Amino acid sequence: MSTKRKNLDSASSPSLRRSKRLAALSVDQSSDGRDDDELNVPSGGDNEDMSTSISHADNDSDGENDGDNDGQSESDDESDGESDGESESEGAIKLPNLSNFVSRPVIEERSVAIGKLKKITCIPDLLKDLGLNPICTYRGKANWTLVREFFVGIDPFNIDKEKRVLVSKVRGHIIKVTPDRLAQYKNIKRPLETEKQYPYLPGVEIPSVHDIWNTLCHGSWPADDNPIILLNGLKKDFVLLHHIFWWNVKPKSPRRELNANQAMLLHAVYNGFKPDIASIWWDTIYEAWSNNHPKASLPLGHLLTGFVHKGRKIPDLMQDKFGKEVTVIGRGTIGKSEGQSKLHRKAKNPATLEGIQDLLESILENQYEFNAMLKNVQRVVCPPSPYSDE
42 MSTKRKNLDS ASSPSLRRSK RLAALSVDQS SDGRDDDELN VPSGGDNEDM
92 STSISHADND SDGENDGDND GQSESDDESD GESDGESESE GAIKLPNLSN
142 FVSRPVIEER SVAIGKLKKI TCIPDLLKDL GLNPICTYRG KANWTLVREF
192 FVGIDPFNID KEKRVLVSKV RGHIIKVTPD RLAQYKNIKR PLETEKQYPY
242 LPGVEIPSVH DIWNTLCHGS WPADDNPIIL LNGLKKDFVL LHHIFWWNVK
292 PKSPRRELNA NQAMLLHAVY NGFKPDIASI WWDTIYEAWS NNHPKASLPL
342 GHLLTGFVHK GRKIPDLMQD KFGKEVTVIG RGTIGKSEGQ SKLHRKAKNP
392 ATLEGIQDLL ESILENQYEF NAMLKNVQRV VCPPSPYSDE
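If you're matching positions, the sequence shown starts at 42 in my numbering and goes up one per residue.
Check the hints yourself; a few may be wrong.
The calculated lysine-lysine pairs, modelled on DSBU-like cross-linking and capped at a C-alpha distance of 30 Å, are [claimed, not checked]: (1) LYS202 with LYS217; (2) LYS336 with LYS160; (3) LYS230 with LYS336; (4) LYS336 with LYS157; (5) LYS210 with LYS237; (6) LYS351 with LYS217; (7) LYS160 with LYS351.
FRET-style restraints, in silico, Cβ to Cβ [as the list claims (entries may be wrong)]: (8) VAL143 with ALA413: 55 to 63 Å; (9) MET359 with ASN407: 27 to 35 Å; (10) SER144 with THR256: 35 to 43 Å; (11) ASN312 with PHE363: 37 to 45 Å; (12) LYS276 with ASN300: 38 to 46 Å.
The hints are simulated quantities; they were obtained by calculation from the structure and are not laboratory data. What you are looking at is a predicted structure, and each value in this text was computed from that prediction instead of being measured. Idealized CB from N, CA, C, for every residue including glycine.
Model the full structure from these sequences, guided by the hints.
Here is the structure:
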């Protein structure tokens with residue numbers, strides 16, 4: 042009995058407990074698998090500073106987050122804010138539910154058939170002038186499992202939203218994500234201070250809603266002064282530009298309506314303002330990570346797969362799930378949007394002149410077909426009489 046008590050006393054001695062703590066700290070502070078240029082990351086001890094700059098309940102990200110979730114109903118989109126609005130102490134860091142990332146869908150970018158589109162639209166030349174061709178070419182398949190692990194591994198204490206810096210750990214490797222690194226990976230030059238750029242620089246005159254409408258949309262300004270910019274109401278050039286940007290830059294399934302930020306970006310790019318794509322990418326990644334909705338999509342599957350792999354020996358595992366071959370944005374995309382325009386107009390307001398004209402055309406076509414069929418039946422059933430004058 043005395044021997045057991047002696048062993049317990051020695052096991053709980055202060056010196057032994059202190060040595061165990063030091064051993065644990067040395068293991069935690071090891072930097073196995075880190076790249077040399079990735080060790081200078083924000084320390085996790087600056088909790089007072091980081092608590093003010095990080096608030097995962099705030100999904101604005103420079104006012105560009107419209108709360109959409111790809112492939113989900115509008116009711117799911119409206120519930121995003123409600124699911125993120127848990128009551129917490131003011132200034133506390135809200136950690137995401139990591140288990141949600143395992144089942145969340147991954148959105149993949151789409152390539153653009155630029156060569157086939159040059160004959161029908163000026164958008165390919167515009168993208169070339171702005172140096173945005175690299176966002177239109179993607180090869181291979183996205184590793185969905187790797188993308189989900191990237192979001193799970195993001196360290197909430199190593200995020201600087203103002204400087205746009207976040208750090209993730211994927212399969213033993215430290216991944217530091219900044220707009221400069223994203224731009225370097227995709228070989229995209231970020232706009233200089235002397236260039237026209239979007240978001241607009243301070244002092245630049247912001248276009249009015251009237252100017253945006255006249256540039257983007259068919260038809261005249263609505264009589265009720267309530268402009269709703271619909272996808273099927275866009276001109277051909279902007280239909281293509283919308284699909285490119287909202288699959289490859291801020292991925293969301295193109296909706297019927299465009300919000301103010303979407304319309305303003307299309308207007309700016311069309312007028313030669315170079316968008317800061319890398320910053321928009323970073324904001325998109327941060328918004329997806331901070332969104333706790335269980336059905337919210339994880340964007341940029343191809344970009345993140347390649348960015349995580351670049352310069353690092355990260356293996357693809359047998360159990361990894363890869364995406365499928367995605368469709369190409371081309372002439373068919375524009376034709377589909379234009380073809381759906383009539384259906385959308387009739388469903389929204391069948392009493393419009395365009396809707397009535399479509400109905401009349403369909404009735405006339407059916408009438409012509411019916412008359413032709415009736416003549417054939419008449420020839421078979423009622424052959425001409427031999428005693429007729431004909």
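Hint by hint, here is what the structure shows:
1. LYS202 with LYS217: Distance of about 13 Å is within 30 Å: holds.
2. LYS336 with LYS160: violated, 40 Å
3. LYS230 with LYS336: Given that 30 Å is the threshold and the Cα spacing comes to 34 Å, the pair is violated.
4. LYS336 with LYS157: violated, 36 Å
5. LYS210 with LYS237: violated, 36 Å
6. LYS351 with LYS217: Within the cut-off at roughly 12 Å; holds.
7. LYS160 with LYS351: violated, 36 Å
8. VAL143 with ALA413: 55 to 63 Å: Holds - the Cβ-Cβ distance for VAL143 and ALA413, about 60 Å, lies within 55 to 63 Å.
9. MET359 with ASN407: 27 to 35 Å: Since the Cβ atoms of MET359 and ASN407 sit about 57 Å apart, the hinted range of 27 to 35 Å is violated.
10. SER144 with THR256: 35 to 43 Å: holds, 41 Å
11. ASN312 with PHE363: 37 to 45 Å: With Cβ atoms ~39 Å apart, the hint holds.
12. LYS276 with ASN300: 38 to 46 Å: Because 18 Å falls outside the window, the suggested range is violated.
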